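A.B. asks: For reference, the chains in residue letters:
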Amino acid sequence: MSADLAYLGLAEAAELIRAKKLSPVEYATALLARIEHHDSKYNAFIALTPERALKAARAAEAEITAGRWRGPFHGMPYALKDIIDVESLPTTAHSKILIGNIARRHAVVTERLEAAGGVLLGKLSTHEFAIGGPSFDLPWPPARNPWNRDHFCGGSSSGSGAGLAAGFFSAALGTDTGGSIRNPASMCGTTGMKPTYGRVSRRGVAPLAFSLDHVGPMTRTVRDNALMLQVIAGHDPSDPGSADESVPDYGALLGLDVRGLRIGVIRHFYTKDVVGNPEQVEALDDAVKLLAEAGAEISEIILPALQDFSACGQIILAAEAYAVHEQWLKERPEDYGARARERLLAGATLRAVDYLQAVRWRLQLRDRVAAAFANIDLAITASSMDPACRIDDEEALASNYWRQARMPFNVTGQPGLVIPAGFSNGGLPLSLQLVGHPFGEAMLYRVAQFYEDATGWTKRHPPALSE
Amino acid sequence: MTEELRDKARTLGLDRLTAEHLKQFERATTGMERQLQRLPHGMPTAQEPAHVYRAKGDTQ
Numbered sequence: 004m005s006a007d008l009a010y011l012g013l014a015e016a017a018e019l020i021r022a023k024k025l026s027p028v029e030y031a032t033a034l035l036a037r038i039e040h041h042d043s044k045y046n047a048f049i050a051l052t053p054e055r056a057l058k059a060a061r062a063a064e065a066e067i068t069a070g071r072w073r074g075p076f077h078g079m080p081y082a083l084k085d086i087i088d089v090e091s092l093p094t095t096a097h098s099k100i101l102i103g104n105i106a107r108r109h110a111v112v113t114e115r116l117e118a119a120g121g122v123l124l125g126k127l128s129t130h131e132f133a134i135g136g137p138s139f140d141l142p143w144p145p146a147r148n149p150w151n152r153d154h155f156c157g158g159s160s161s162g163s164g165a166g167l168a169a170g171f172f173s174a175a176l177g178t179d180t181g182g183s184i185r186n187p188a189s190m191c192g193t194t195g196m197k198p199t200y201g202r203v204s205r206r207g208v209a210p211l212a213f214s215l216d217h218v219g220p221m222t223r224t225v226r227d228n229a230l231m232l233q234v235i236a237g238h239d240p241s242d243p244g245s246a247d248e249s250v251p252d253y254g255a256l257l258g259l260d261v262r263g264l265r266i267g268v269i270r271h272f273y274t275k276d277v278v279g280n281p282e283q284v285e286a287l288d289d290a291v292k293l294l295a296e297a298g299a300e301i302s303e304i305i306l307p308a309l310q311d312f313s314a315c316g317q318i319i320l321a322a323e324a325y326a327v328h329e330q331w332l333k334e335r336p337e338d339y340g341a342r343a344r345e346r347l348l349a350g351a352t353l354r355a356v357d358y359l360q361a362v363r364w365r366l367q368l369r370d371r372v373a374a375a376f377a378n379i380d381l382a383i384t385a386s387s388m389d390p391a392c393r394i395d396d397e398e399a400l401a402s403n404y405w406r407q408a409r410m411p412f413n414v415t416g417q418p419g420l421v422i423p424a425g426f427s428n429g430g431l432p433l434s435l436q437l438v439g440h441p442f443g444e445a446m447l448y449r450v451a452q453f454y455e456d457a458t459g460w461t462k463r464h465p466p467a468l469s470e
Numbered sequence: 204m205t206e207e208l209r210d211k212a213r214t215l216g217l218d219r220l221t222a223e224h225l226k227q228f229e230r231a232t233t234g235m236e237r238q239l240q241r242l243p244h245g246m247p248t249a250q251e252p253a254h255v256y257r258a259k260g261d262t263q
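From first to last, the protein sequence lines are chains A and B. Each residue of the first sequence is one higher than the one before, starting from 4 at the first, in this note's numbering. Each residue of the second sequence is one higher than the one before, starting from 204 at the first, in this note's numbering.
For the record, the hints were derived by calculation from the structure and aren't laboratory data. Among the hints, a few may not be true.
Claimed, not checked - Examples of chain B residues toward chain A, derived with CB under 8 Å:
#: 1; residue: Thr205
#: 2; residue: Leu217
#: 3; residue: Leu220
#: 4; residue: Met235
#: 5; residue: Gly245
#: 6; residue: Met246
#: 7; residue: Thr248
#: 8; residue: Ala249
#: 9; residue: Tyr256
#: 10; residue: Ala258
What the hints assert, rightly or not - Cross-link-like lysine to any residue pairs, in silico, SDA-like; alpha carbons within 25 Å at most:
#: 11; chain 1: A; residue 1: Lys99; chain 2: A; residue 2: Ile394
#: 12; chain 1: B; residue 1: Lys226; chain 2: A; residue 2: Val327
#: 13; chain 1: B; residue 1: Lys259; chain 2: A; residue 2: Leu257
#: 14; chain 1: B; residue 1: Lys211; chain 2: A; residue 2: Thr52
#: 15; chain 1: A; residue 1: Lys333; chain 2: B; residue 2: Arg209
#: 16; chain 1: B; residue 1: Lys226; chain 2: A; residue 2: Leu400
#: 17; chain 1: B; residue 1: Lys259; chain 2: A; residue 2: Ala36
#: 18; chain 1: A; residue 1: Lys44; chain 2: A; residue 2: Pro466
#: 19; chain 1: A; residue 1: Lys99; chain 2: B; residue 2: Gln240
#: 20; chain 1: A; residue 1: Lys333; chain 2: B; residue 2: Lys259
#: 21; chain 1: A; residue 1: Lys44; chain 2: A; residue 2: Pro142
#: 22; chain 1: A; residue 1: Lys333; chain 2: B; residue 2: Thr233
#: 23; chain 1: A; residue 1: Lys23; chain 2: A; residue 2: Lys44
#: 24; chain 1: A; residue 1: Lys24; chain 2: A; residue 2: Pro142
#: 25; chain 1: A; residue 1: Lys292; chain 2: A; residue 2: Leu257
#: 26; chain 1: A; residue 1: Lys275; chain 2: B; residue 2: Glu236
#: 27; chain 1: B; residue 1: Lys226; chain 2: A; residue 2: Asp338
#: 28; chain 1: B; residue 1: Lys226; chain 2: A; residue 2: Ala341
#: 29; chain 1: B; residue 1: Lys211; chain 2: A; residue 2: Glu345
#: 30; chain 1: B; residue 1: Lys259; chain 2: A; residue 2: Glu337
#: 31; chain 1: B; residue 1: Lys211; chain 2: A; residue 2: Gly237
#: 32; chain 1: B; residue 1: Lys211; chain 2: A; residue 2: Trp460
#: 33; chain 1: A; residue 1: Lys58; chain 2: A; residue 2: Lys99
#: 34; chain 1: B; residue 1: Lys226; chain 2: A; residue 2: Ala401
#: 35; chain 1: B; residue 1: Lys211; chain 2: A; residue 2: Arg335
#: 36; chain 1: A; residue 1: Lys333; chain 2: B; residue 2: Thr214
#: 37; chain 1: B; residue 1: Lys259; chain 2: A; residue 2: Leu11
#: 38; chain 1: B; residue 1: Lys226; chain 2: A; residue 2: Trp405
#: 39; chain 1: A; residue 1: Lys24; chain 2: A; residue 2: Ser43
None of the values given here were measured: they were computed from a predicted structure. The C-beta atom is built at its ideal place from N, Cα and C for all residues, glycine as well.
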């Protein structure tokens with residue numbers, strides 16, 4: 004299989020499929036063969052579903068041949084983080100706890116991707132229950148970074164990030180409670196959107212922390228990300244957190260420049276609150292300079308300290324996650340991996356008043372951020388403070404949880420989009436994060452597309468896999 | 204491993220934790236104590252929490 008087909012984008016593949024120049028069956032077959040050949044080195048998948056995929060691809064091909072093209076996702080291979088339900092398939096959450104758990108119905112996001120004609124290739128590795136990891140004491144090994152398999156690929160949507168970078172698929176779903184879409188996007192040089200809280204249904208997705216959980220698209224390019232969000236966004240009355248807001252055309256602003264846009268830089272997150280790796284800081288400074296030279300109006304904005312968002316978010320996360328896991332922690336603590344068990348036990352001694360004070364504080368933080376955003380169209384800041392560390396570096400892995408600027412936007416619920424922003428001297432991806440107003444995802448895509456076109460970072464692929 | 208820690212876990216219903224698990228429990232709760240110290244003091248008494256109960260059937 005040529006690297007061209009492996010790294011074909013969703014938008015390009017959709018055009019070829021619609022024009023009947025690319026067969027969904029051949030495309031899925033080629034990707035499945037690539038996964039079979041390479042994934043033993045990267046562990047992106049927990050379970051491949053080739054028979055199901057080829058059946059769906061044949062059905063898509065027949066419909067398209069008969070002139071019934073459903074849209075850009077028709078015949079498109081994709082994969083799901085294994086905390087998202089697919090009817091009749093196991094949902095394991097990468098945990099011994101859920102072995103034998105078969106989903107009775109699709110998650111709403113699965114329904115939407117299937118209705119759009121998607122071709123599910125399989126279920127992807129995650130940190131256990133989207134919280135522990137990377138772990139070597141679970142029934143499946145942790146995913147590895149395709150840019151250097153000795154390095155961490157981020158998490159918890161680790162298989163989604165790794166599989167995209169490896170050219171196994173062009174579209175996947177991840178989930179993000181404290182940064183779990185944006186972290187693997189940062190580590191793997193891919194594109195990850197944590198949409199506005201409530202934008203995408205969570206029904207049928209294993210919960211971690213109810214008020215912080217988000218589902219979102221992970222792709223290699225901005226355009227592909229917008230296409231996938233278009234498919235999954237929308238109100239779901241069965242999800243109590245779902246927002247009854249209209250869904251705009253996420254591609255509407257793609258191709259526009261950034262002249263006159265007011266972009267706030269949240270620099271203190273990565274230069275003062277936490278001091279970022281110099282290469283990462285330089286990449287962010289270069290991105291801001293590029294946008295300024297292209298006509299954006301740049302100003303620095305000040306938010307509460309990163310550590311305040313982190314504390315508020317961690318208290319809420321710990322309390323809500325403990326509510327989900329309490330019974331298993333009491334009855335089957337030995338069935339968790341060490342990392343997940345330790346992180347989940349953090350909620351055991353929290354008092355009701357601690358949780359309530361945190362959710363009261365949350366509104367104060369949200370309001371202060373809203374005030375700082377009043378006169379800007381969007382903001383730019385760091386996602387990760389460092390390139391991916393080695394997967395066996397315990398100290399660096401531990402610091403990965405706090406050397407990041409993602410949790411603020413789980414706390415506020417605003418959309419955050421992470422895109423590649425260059426490479427370290429060691430050849431590992433660097434990244435940036437764009438942050439919008441609630442339901443302002445289209446604006447983030449506009450600026451991200453402009454930056455992607457100007458820099459070409461997404462055209463690079465891991466050398467070991469791109470030949 | 205102190206008996207105090209084991210008793211604390213038992214009080215919470217976590218009586219199946221092994222010695223290794225109890226070490227993790229101690230690290231986790233110590234880390235959480237540090238986060239709790241950042242909670243603000245003196246919030247206005249009328250400051251509402253982020254999630255408010257709504258009666259079923261209300262206009263959302």
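A.B. asks: Report the numbers of all earlier hints that the structure fails to satisfy, in ascending order.
C.D. replies: Per hint list: 1, 5, 7, 8, 9, 10, 13, 14, 17, 19, 20, 23, 24, 30, 31, 32, 33, 37, 39 violated.
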